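Chemist: Given chain S, work out where chain B should sit, using these hints.
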Amino acid sequence: MPEISRDEVAHLANLARIDLSDEELDHLAPQLSVILESVASISGVAGDDIPPTSHALPLTNVFREDVVTPGLTPEQALSGAPEVEDQRFSVPRILGEEQ
Amino acid sequence: MSTDWTRKTAAELADALAAGETTSVEVTQAHLDRIAAVDAPADRRGVHAFLHVDAEGALAQARASDERRAAGTLLSPLDGVPIAVKDVLTTEGLPTTCGSKILEGWIPPYDATVVRKLREAGLPILGKTNMDEFAMGSSTEHSAYGPTHNPWDLDRIPGGSGGGSAAAVAAFEAPLAIGTDTGGSIRQPGAVTGTVGVKPTYGGVSRYGLVALANSLDQAGPVTRTVLDSALLHEVIGGHDPLDSTSIDQPLPALVEAARLGATGDLSGLRVGVIQEMSGEGWQPGVLTRFQESVDLLVKAGAEVVEVSCPSFVHALAAYYLILPAEASSNLAKFDAMRYGLRVWPYEGASAEEVMRATRDAGFGDEVKRRIILGTYALSSGYYDAYYGQAQKVRTLIARDFDAAFEKADVLVSPTAPTTAFKLGEKLDDPIAMYLNDLATIPANLAGVPGISVPGGLADEDGLPTGVQILAPALADDRLYRVGAALESALLAQWGGPLVPPEENLR
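Top line first, the protein sequences correspond to chains S and B.
Under this note's numbering, residues 31 to 129 are what the first sequence spells out, in order.
Under this note's numbering, residues 29 to 535 are what the second sequence spells out, in order.
Bound conformation, chain S alone:
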């Protein structure tokens, strides 16, 4: 039976870039275990001979003509940004303080 531990949930949340508090981990970890348990029934349902379906209606190579069409202006593109500087997205530092 799949069991997802509190530590695993903390690890996954880390991979997903979500800070979870201890209370949140206490709350979410058991719920995730229950969900996982209920979806685990799926393993072994389909054999190796069954091809996977990633999309309901298969489409391949959908291209458009390579022509220039109007897009957003820089002002429009930046209109929702938390911070803007010199017509660019201003972001927090991306390196550690020691670097």
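None of these hints come from the bench; they were simulated from the model.
Note that the structure is a prediction, hence the values are computed from the model and not measured.
Treat the hints with care, as some may be off.
Stated by the list, open to error - Example chain S residues on the side facing chain B (calculated, C-beta under 10 angstroms, incomplete): (1) E38; (2) A43; (3) E54; (4) S71; (5) V75; (6) A86; (7) V92; (8) T103; (9) G110.
All C-beta atoms, glycine included, are put in the ideal place defined by N, C-alpha and C.
Modeler: Relative to chain S, chain B alone:
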């Protein structure tokens, strides 16, 4: 006494506008007044279908429509008929939150294709409707802005994720609304609010500007009070869009014509398949009784009923709750506090990654976190084959079940949801109980086939609405309208008119 325009269907409003009996401004104002009266009254007890009402914009669009009418330059048959839009579709100049704090205050710089088509057809946009955060839920309780209340009983859920759109239409706050359906978010709210909801064939309505929950499952569609209104709206929003690479590149079937044909009530020669797997344990008796009544009415209308078995449907829920979180965990990675939306600093001088973590913790609600973590798990190496890979194979089996069933029947029918509307809060902290609401609607999303929910009458035990789901093969959306309209007209004849929420329940 003056006419209450909010009680009219969209088709009736279009006729009244054409006949010069009213104006778009009058109709739009009537709906804005209705919203002011029932959506959030002073005592805070209201339907709460809307997250944002754009009275000024809607009236300006209505005035423009009236001017077009005077000049004889109408844009579509629904020109001047107001509409509400689910808050998951981008609207230039109007807030779009997806029911999430992470997008609070965000004003998109562009319109979704569906919204652009509404504007090009001349429909004034009343506002944006409430929803479960990022469309994750079946009750609208996962909205970060508080739940929507079911107009039939304000203590009950309106379904989800599109509970706002369904409740707006049910409470006569809008004649039309747009919903989106990833696992039942148009059809299940339709069932529990006694309204009509259509999930078109996957790719039948553009997803451009629809904030993605699960790309391979999401589909926008009509939310209305009648089958004909859905057909009229579907013809406005449907069709090929080069901006959506999964859009179907062929013309829509004649949907309005199919609805009008169906309303004549003759279904001779039509084969209706009843899905055996969708009854029994877990299905409310009153829901099944109303459903059987509808099946009998289809037979009376000349349809031939056959039983069909779809054995893989029992695995649909599990497959869905692996595929959806997997796609969602990837889609929601874009909410990273860098380019738009919320930015939370855990401390001054924090790094981008720390800001990202703090923002996503503060900006996402529990259900979104659960699904992102579950999806991250399902996609991790070591678990990928056992979970995500298996789910994709089960998806193939479900599509094959549909193929086999549609050999025996032209349409399939089932109850839309296993129960009537439950009490707010009842299943909020029990994800599995919540997920079971979508039992009957999920298979269609996995296979990409279209479905409609039509009001099936009130359950005996609680007097609350039930829904009948009709499913058709991919690209045969017209069948939904033909059969849906036939069933609707038979039921209306039986009831002596539409069943609407008692007005005293709204206060």
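Chemist: Regarding the hint that A43/S lies at the interface with chain B, is the smallest CB-CB distance below 10 angstroms?
Modeler: holds, 6 angstroms
Chemist: Regarding the hint that S71/S lies at the interface with chain B, is the smallest CB-CB distance below 10 angstroms?
Modeler: holds, 5 angstroms
Chemist: Quick check on E54/S please, does its C-beta sit within 10 angstroms of some C-beta on chain B?
Modeler: holds, 7 angstroms
Chemist: Hold the hint about E38/S up to the distance rule: shortest CB distance to chain B must be less than 10 angstroms.
Modeler: It holds, given that the least Cβ distance between E38/S and chain B is near 8 angstroms, below 10 angstroms.
Chemist: Against chain B, is G110/S within 10 angstroms by beta-carbon distance?
Modeler: Hint on G110/S: holds, closest Cβ of chain B at ~3 angstroms, below 10 angstroms.
Chemist: With 10 angstroms as the cut and Cβ atoms as the points, is T103/S at the interface with chain B?
Modeler: At about 8 angstroms, which falls below the 10 angstroms cut-off, the nearest Cβ of chain B leaves the hint on T103/S intact, so it holds.
Chemist: Does the CB of V75/S sit less than 10 angstroms away from some CB of chain B?
Modeler: holds, 5 angstroms
Chemist: With 10 angstroms as the cut and Cβ atoms as the points, is V92/S at the interface with chain B?
Modeler: Interface hint status for V92/S: holds (4 angstroms vs cutoff 10 angstroms).
Chemist: Given A86/S as an interface hint, is the shortest Cβ-Cβ distance to chain B below 10 angstroms?
Modeler: Constraint on A86/S satisfied, holds at 2 angstroms.
Violated hints: none; the structure is consistent with every hint.
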